[in-house]
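Peer 1: Take a look at the letters that make up each chain.
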Amino acid sequence: MNLHEYQAKQLLHCHGVAVPASEVCETPEAARAVADKLFAAGEKLMVVKSQIHAGGRGKGTFKSGFQGGVKLCKSAQDVEDKARAMLGQVLVTKQTGPDGRLVRKVLVAAAPDIRKEFYLAVLLDRATSRPMVMASTEGGVDIEEVAASTPEKIIKESIDPSLGFQAWQGRKIAAALGLRGELMGQAAKLLKSVYDTWWATDASLVEVNPLCIVDGRDGKPQLVAVDAKMSLDDNGLFRHPDILAMRDLGEEAPLEIEAGKHSLNYIKLDGSIACLVNGAGLAMATMDIIKHFGGEPANFLDVGGGASKDQVTAAFRIILADPSVRGILVNIFGGIMDCNVIATGIVDAVRETGLKLPLVVRLEGNNVAAGKKTLAESGLTIIGGDTMADAAQKVVKAVGA
Amino acid sequence: MAILVTPQTKVLIQGITGSFGARHAQLSLSYGTQVVAGVTPGKGGQTFRHETHEVPIFDTIAEAVKATGATASAVFVPPPFAADAILEGVGAGLELVVAITEGIPVVDMVRARHAMQGSKTRLIGPNCPGVVTPGEGPDSRGGCRIGISPGYIHRKGNIGVVSRSGTLTYEAVWQLTCRGVGQSTCVGIGGDPVNGTSHLDVIKMFMADPETHGIIMIGEIGGSAEEEAAAWIKEHGTKPVAGFIAGATAPPGRRMGHAGAIISGGKGTAEAKITAFREAGIGIATTPSDMADTLLKMM
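Sequences listed follow chains A and B, in order.
Counting from 1, position 85 in the first sequence corresponds to residue 85 in my numbering; the numbering is continuous, with no gaps.
Counting from 1, position 21 in the second sequence corresponds to residue 21 in my numbering; the numbering is continuous, with no gaps.
None of these hints come from the bench; they were simulated from the model.
Hints may be right or wrong, so weigh each one.
When the alpha-carbon atoms are kept at most 27 Å apart in a straight line, the in silico BS3-like pairs for lysine-lysine are as follows [what the hints assert, rightly or not]:
1) A:291 to B:267
2) B:10 to A:229
3) B:43 to A:156
4) A:37 to A:156
5) A:153 to B:267
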C-alpha cells in the first residue's frame, strides 16, 4: 500500500523527523487559510504541492493545460489561486502514465531556504535479508539515474535487525555525506528516526528525497525532510489499523479494488487476452505464454487455492468489465482443488455473465476427466486446451491477435 | 537418499487443529507421511484422527519432540503468529521447519532469520507449498509430503525440482511424471522476499545427492536468488540444470501475487535472470510447457 506525501510526513514527524510546517487542504479556501496562518507565523515563502501517489509532480502538466504540480507562492492569494488550479484537475507526470491522476488534495507547506539536498531511503536489502539505509549527496534527482551513472555516490549501510540503527552508524553516514560539526549529531538522530519509522510501521520503503539543509529560524542550519514517500508491506497492515485507514482508494484501479473484495489477486494490464489462473507463479507464466504466442495479456489474475463458484463468477465479471478484453484463457492446475468444481464454476459464470467472447479452458490435475466432461456437456462454446502451449495458441488464434 | 526428507522422517504439524492444517494433515497421512504429532497451544492431550491414524496433539513442540522423536515440522499457523511458531521449532532443535503460511510481515521474517543464524534448523519458506520426497507406492504414496502439494502428481525418480511457485511447480512435476521420469525431491522455497532457504541452498544439496541426476529450477521476477544460483552453477555445477523464469510480461513496481515477485528500481527482471541462466549453461524453457523436455534433452 502506498501513502501520500502528507501522510508519510505525518508518520515521520511522529517518530521525530523534522518536516516543514504544513497542512493538507481540499479546497482553495482552506489552502488560503493555512497560508495566512503560516505567513503570520513568520514564514516568507509557501509551496503548494499536489498530492498523488506518483513522482515527477513538479514537471508534470494538468490536462487543463496548467503547468506544474508543485508551485512556490509568495502570497496567500497566490496559494489560493494555485490550489484552485490544481484541485479537481488531472495531473499527468512521467510516472502517472498518460491518464494522469485526479488531484483531490494539496499540501500547503512553508518553503524553506534550501542550502543543500540529499537522498535518504530505508528499504529491505533482499541479498542479505536485512534492512538497509541508502543515502547520497545527490538529492532532489532520480536516484536510479545516480545509481546508473555515479554509483559510488550512493552510501549503503546494513542494519542489524536485533540492534536496530546504531548511533555510530548515523555518524558514519553523516561523515560520508559531508555533514560535520553540529549537523553530524542532527543527521545521526534524524537517520535513526527515519529507520525507526520504517521498522515501526512495517514499511517496505521510506524515501526522503530531498532531505535538505535549510536555514532554521534561529539562523542555524537544520535538516528537514522536504519530500517524503512511503510504501507499506501489505502483510503488516493488519497490525496498523491507523495506517490502513490512510488508504486512498482513489489512487487504486477500481477493478483491482473490486477484486480485492473477493479475495482475488488482480492486476490490470494493457492487452486483450484475459487470464484466470490458480497460483501466482502459474498466473505470471500464463501471461508470459500468451505473449510468447503473439497475444497481449489483459491482466494478471490469481484465484488462489480456494476458488469457490462465487469467486469464479466474480473473477469473470471483473475480467469482462475491462472493455479491451476480446478473449479469455482459463488455466487451472487442480492440486488440491478439484477440476470439476472449477469447471462447474466456469459454466455457471459463463451463463450468469452471458459471455460471448472466445473462452479457452485448460484444466489439469485432480479430477480433470470429470471437469472436462462438465465443460463438454454444458452446451456452451468452450475451447479446450491440452497443454499450456496448446491453450495459449488457441486463445491467441481465436482473438485474431 | 533424496534431500531434506525421506519416507521415514517424523513430522509434526503446527496448527493441526485449524481447518487448513487439518485438511493437509489428512492428505499427508493418506500419502504415507509419518505424521507423528500435532502442536496447537491449549489443545494438548487431544487426538487428531484420520482413517486409522491417531495423532497425539501437544501444547508445545518440545513436548511433542520428547514424546515422539519428531525432527521436522510443517507450520500451518496464521500470519500474526507464524514467525513465533517458526522460532519455537528452532528453539526446540528441530532439523527442518517448513513454513506454509502466506502473509507473514517481512519484518517478522527479517527478525526470525537473524535469530536463526548459527542454529542447526533449516527453514523452508514461508509462503511455500512445502517439500515432497515421492514414495514407491501407487501415485507415489509411501513418501514424505510436508505441505500442500498434491501427492499423486509425483513419481519416485532422479530429478530434483526447486521452485518459488506452487502450481507452476506442479506443472513441471506433472510433465516429468507423464513422461515416466520421476523426482528425487521437490522443494518449494516460497514466494516471499525473505525466506529460509534459497534456490542455491537447494541446488547445492541436489548436486551432492547421489539420487539426483538432473535439476529443474523455477524462478520468477524479484530479487537476485536465481542469478546467485546461476553463478555458482557455472563454476561448480556437475549435473544438468534446466530452468524457467516466470514474469517476463510483468509490469515494473507491481507485486505479482507473491510478496517477493516485484521488479524494484529496475532490479529483479526476468530478462536479467534468463541472461544469467544462459551464461551458466542452464537449459532455458521458453514456455512453461517445455520445462521437463528442456531438461530431458540435456540428459
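Peer 1: Would you mind marking each hint as holding or not holding in the structure?
Peer 2: Hint by hint, here is what the structure shows:
1. A:291 to B:267: With a Cα-Cα distance of about 22 Å, the restraint between residue 291 (chain A) and residue 267 (chain B) holds, given a limit of 27 Å.
2. B:10 to A:229: 48 Å, violated
3. B:43 to A:156: 47 Å, violated
4. A:37 to A:156: 40 Å, violated
5. A:153 to B:267: With Cα atoms ~19 Å apart, residue 153 (chain A) and residue 267 (chain B) stay inside 27 Å; holds.
Of the numbered hints stated above, those contradicted by the structure are hints 2, 3 and 4, listed in ascending order.
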